[in-house]
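Chains as they are written, first to last, in this note's numbering: chain U, 1 to 35; chain D, 1 to 240.
Everything labelled a hint here was simulated from the structure, so no lab data went into it.
Among the hints, erroneous ones may be present.
Claimed, not checked - Distance condition first, Cα-Cα at most 25 Å in a straight line; then the derived SDA-like pairs of lysine to any residue:
| no. | chain 1 | residue 1 | chain 2 | residue 2 |
| --- | --- | --- | --- | --- |
| 1 | D | K230 | U | L23 |
| 2 | U | K35 | D | A231 |
| 3 | U | K35 | D | A233 |
These numbers come from a predicted model, not from an experiment.
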Amino acid sequence: MNPWPFVFGAYGVTFAAIMALVLWSWIAMRRSERK
Amino acid sequence: MPSLHALANPARFLKLARPLTPILFWSGLVLLAIGLWGALFRIPPDYLQGETVRIMHIHIPTASLGMGAWAGIALSSVVYLVWRHPLAMVAARAIALPGAVFCGLCLVTGSIWGRPTWGTWWEWDGRLTSMLLLFFVYLGFMALSRADAERGGDGRIPAIYGIAGSVLLPIIRYSVIWWNTLHQGQSISLTKSTIDNSILWPLPFTLLGFSLIFGAVVLMRMRTLLATAKAEARMRRMAA
C-alpha cells in the first residue's frame, strides 16, 4: 500500500481545517470589533 | 506581568490581547513550518511503520491540544464559579470551538494513520471511543453555552458542565492501560521516549507551533465575544 496519499491526506486535512479556523476567527473578530 | 485579577478588567485584557494575537500566530506559523518541513522531508522512515510515521507529528499535537483545551475549559469554569472572574466564562466559550476542531482533527488524522498501520479506519476501542465522546462533549458545551448566553443566563450551568466533562480526561489518558486496546500505549513522556531522536525532533516544533496558533485563535475569539457583548450592551442602553 502506497503510504504517501495517507501522509499528504492527513497533513492536507489538518492544514486546511486550521487555516479555515484562523481565517473564520479573524474575520469574526474584525467584524465584531468594527461594530 | 499583570495578575489574574488585573486582567479581569476587559479593557486591560484587550490592551494585552491586541498585540499578543499576531505575535502568537506568526511565531506559531514559523515553528509549525520548521516542524512540518522536518516531519515531511527530513526524518527517515520508521523501520516498522515506514513513511506513515510522519503523521505522528500532527496527530500527537492535535490530540494534546484537543485534551488540553478541555482542561482549559474546566479550569476556566472553576475560576468562574469560585471567583466570578468575568473573563473566565468568556475564555471557556472561546476555547470550545478550537478545542473541538483539534479534537476532531485528532480523530481524523488517527483514522488516516490507522488504515495503513492497523488495516482499519476505525475500531471501537477504549482510546478512540473516549476521544470521540470528548468531541461530542465539546459540541454539547458549545450548544449549552450559546443557549445560556442567548437567554441571559449567568453561565453557571455551562461552567458545571465544563467541570463535569473533565472526567473524560483521565479516562482518555489511561484507556490504553485500563483496557486491551488497538491503540498503542504511551511512548512519549516529558522525561523519556521510546522513539528515536532522528524521528522525534520535529515534534516539539509542531507541538509548540500548533499551541501558539491555538492561543492566537482563543484570543481572537475572546476579543469577538467581548466586542459582541459590548455592542449588545450599547444597543440595550439605546433601546432603554
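Open item on the list: Between the alpha carbons of K230 (chain D) and L23 (chain U), is the straight-line distance 25 Å or under?
Closed with: 23 Å, holds
Task: Hinted pair K35 (chain U) and A231 (chain D), Cα distance within 25 Å - done: Holds: K35 (chain U) and A231 (chain D) sit about 7 Å apart, inside 25 Å.
Task: Hint consistency between K35 (chain U) and A233 (chain D) [alpha-carbon to alpha-carbon, up to 25 Å] - done: 12 Å, holds
Comparing the model with each numbered hint stated earlier shows that all of them hold.
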